[in-house]
Amino acid sequence: MNSLTGTRALTRLALRLDRVRLTVWVVGLAVMPMGTAANYLKLYPTQQDLEAVSGVLSNPSLVALSGPLFGVSIGGLTTWKIGVTEFILVALMSLLTVVRHTRTEEETGRLELLRATVIGRHAPLTAALLTAVLANLAIAVLVALGLMATGLPAAGSAALGLATGLVGILFAAIAAAAAQLTQSARAANGIAAAVLGGTYLLRAVGDSGPTWLSWLSPTGWGLHMRPYAGERWWVALLFVGFAAVFIAVGYVLEARRDVGAGLLAERLGPAEASPGLRTPLALAWRLQRGLLLGWTIGLALSGAVLGGAAAGIGDLESPNQQLTDILNRMGGRNGLTDAFLAAIFGIIGMVAAAYTVQVTLRLRQEESSGRVEALLATRVSRLQWAASHLVFALLGTALLLAVSGLAGGLAYGAQVHDVGGQVGRVFGAAMVQLPATWVLAGFGVALIGLAPRLSTLAWAALILSVLLVELGALFGLSQWIVDIAPFAHVPKLPGSAFTATPMLWLTVVAVALGAAGLVGLRRRDMPVA
Amino acid sequence: MTDAIRTDALVKTFGRTRALDGLDLAVQTGEVHGFLGPNGAGKSTTIRILLGLLHADAGAVTLLGGDPWRDAAQLHRRLAYVPGDVTLWPNLTGGEVIDLLGRLRGGLDTKRRAELLERFDLDPRKKARTYSKGNRQKVALIAALASDVELLLLDEPTSGLDPLMEEVFRQVVLEEQRRAGRTVLLSSHILAEVEALCDRVTIIRDGRAVETGTLAGMRHLTRTSIQVDLAGPVDGLASLPGVHDLQSHNGTVRFDVDTTALDAVLRQLTAVGIRSLTSQPPTLEELFLRHYDRTAGAEPRSEVAQ
Chain Y
3 MNSLTGTRAL TRLALRLDRV RLTVWVVGLA VMPMGTAANY LKLYPTQQDL EAVSGVLSNP
63 SLVALSGPLF GVSIGGLTTW KIGVTEFILV ALMSLLTVVR HTRTEEETGR LELLRATVIG
123 RHAPLTAALL TAVLANLAIA VLVALGLMAT GLPAAGSAAL GLATGLVGIL FAAIAAAAAQ
183 LTQSARAANG IAAAVLGGTY LLRAVGDSGP TWLSWLSPTG WGLHMRPYAG ERWWVALLFV
243 GFAAVFIAVG YVLEARRDVG AGLLAERLGP AEASPGLRTP LALAWRLQRG LLLGWTIGLA
303 LSGAVLGGAA AGIGDLESPN QQLTDILNRM GGRNGLTDAF LAAIFGIIGM VAAAYTVQVT
363 LRLRQEESSG RVEALLATRV SRLQWAASHL VFALLGTALL LAVSGLAGGL AYGAQVHDVG
423 GQVGRVFGAA MVQLPATWVL AGFGVALIGL APRLSTLAWA ALILSVLLVE LGALFGLSQW
483 IVDIAPFAHV PKLPGSAFTA TPMLWLTVVA VALGAAGLVG LRRRDMPVA
Chain R
145 MTDAIRTDAL VKTFGRTRAL DGLDLAVQTG EVHGFLGPNG AGKSTTIRIL LGLLHADAGA
205 VTLLGGDPWR DAAQLHRRLA YVPGDVTLWP NLTGGEVIDL LGRLRGGLDT KRRAELLERF
265 DLDPRKKART YSKGNRQKVA LIAALASDVE LLLLDEPTSG LDPLMEEVFR QVVLEEQRRA
325 GRTVLLSSHI LAEVEALCDR VTIIRDGRAV ETGTLAGMRH LTRTSIQVDL AGPVDGLASL
385 PGVHDLQSHN GTVRFDVDTT ALDAVLRQLT AVGIRSLTSQ PPTLEELFLR HYDRTAGAEP
445 RSEVAQ
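Heads up: the sequence lines are chains Y and R, in that order. Be aware that the first sequence starts at 3, since it is given in this note's numbering, and climbs by one per residue. Be aware that the second sequence starts at 145, since it is given in this note's numbering, and climbs by one per residue.
Simulated from the structure, these hints should not be mistaken for laboratory data.
Cut-off 25 Å, straight-line C-alpha distance, at most; resulting in silico cross-link-like pairs (SDA-like, lysine to any residue):
1) 83/Y - 57/Y
2) 277/R - 311/R
3) 277/R - 340/R
4) 255/R - 381/Y
5) 271/R - 377/Y
6) 271/R - 291/Y
7) 270/R - 288/Y
8) 83/Y - 299/Y
9) 271/R - 371/Y
Full structure from sequences and hints, please.
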């Protein structure tokens, strides 16, 4: 027996437990760059088009958001457009996977059961890392092959695939170290995600000015591998080196601590509840406030950065007749800016919907964990309990959209020196997204009430909606199929005329789904595992 | 005397599993009622129906004079519940959970809360995630026992408690018992606990009550073990009605006797002359085993404890 005994069995267990989750991640992350490249091949068929659009991308806000454009080619543009997003998502997948198979298992006590079998000290951590590495390798290969299949150069495709996989592996390593620090999986995820956020900021600041800063950031390294722009393969060594360091740190820390314990001690809390903690809503606020705060900050920042970026769109000096034509058809420079803002807030709406779904499904989490039982044995009724969390799904999302709209409006207005005129328009662009997010909340409630075991399908509904709206046109789907997505009905503000009818319908659908779900929730047995 | 809890022919099925199969249960107001049965017998299912969490498929159920499914929230003001498997919000401290549950129930006796924290030796400042199973159990117990309610529903409340804490629990329940009008339904498979605390007992097996009554009454229905040294030989003892498993060795006779036949058998023995006699009333354990011995051949049932 050595410290790795049992790694193979544990890896198989992890892959078995994650077979759906990881498959969705891998396929999603593999399709995104391919779809983007295919999209650009259609949009910019000539080198002239590419050069025209590349002019826009030197706008400082866009560079901060997505990094610099290194190569004026379809590949270069694809890397610019999808690279940073892909890196962030693959990093999230990896850190969540590693923490799930280490600290979460430990926190729930399941690992204790496994530890009592013939399992080496480092086997669980190794198995978690192996699982993440396998997923990242699959993503790397699929991204590279997918891009080659769309006709992009092999070297660049391989570099982008490799960069994606390496970012993922590095964050798996960072999570391996973070998982040793805290007793709670949430805190471990938080630490690793904070590192990810920090590297994003370093890169954003570095790309806007002092370049050396972006060399401190793994998401920066991915771009510095220069896919499709004279690949620098040696950058891969940075990833491998740092991943090795973090993995080593993880192993050393794991060897020094007790099972179940963290290196950071758990602080004591209040011995008595604050006087306000006496209603289901107060409890829900206590459970939801951290999440809401994080999302609010995130969406406020996104709104501000993107609003600022929109201001640069109008400065575009287009040498290209075709683009000028498109521009004019859209209503001139202002039209282009408005279209950009509408597109941005369309995306923000879908991102905010992720919060909506997450918060709605909190009901299921409370139920399947068994915590709801103690609560429902008090005078709290099922509807009161459901309402206490759904307030966050409905109004919390409204807050997120409002904050991102205000931040975006202020940033955009400040740049074009028309704060008073722009804040309202941009705010409207954000708020029209709200009824569509409510439909997803309604669908989630319907699942929870009527088919509780299937309630994770609420995520599938969100992903499907996003894919239909973003890629439906690309794949030539009929409009009625795209229309299944609630976001397909959102008025494209600012720019187009505001129509209340679709908003009203979306709200009606949301209410109907929600009501059906709540009726089901009142009638069914609880708790259902 | 009124019944705090009454179920008649309660049926509950989960898919193909028949968790309750015509359960009759009557708990009188003011008594501590033991609810005995092995894992998977349907104890937790019954309690969840009493809480209005599950909807019975058939049968009638009354709790504190109301319908637990229809009037759940109103009835819950008057009862407190300790689940068998306590899960808490990991970010809240034990003290916060106790206060929250107490307030949601309609109020908490703060003096009693402090006293119980002391007696159960629980640090209320710790986050729930750091509590062991026993400590989580204590949180739920203190929250329930510090509430001023008419009915306590306790589902295997001492699982995970150490023997010292089990003793504290017994004392606290005995105190509760002395307060008039307070009813306790105590589900358990720890026989000593039930024997020490309960006025009446219902034994359930495969979702059906197989025995119910006072412990004394149940004993009456069963056999007493007798070991006796006799002055002379005795004939015909084995053929007396009510005598079982007779063994005789050097003037020492051992046998079991139905409680109803005890008098007749003792007369016979006295006639011969008794040198010494020990009699053992049946323990609850024996009662219990008598009902469960027969389960060996029964099909395995899955516990519905989620």
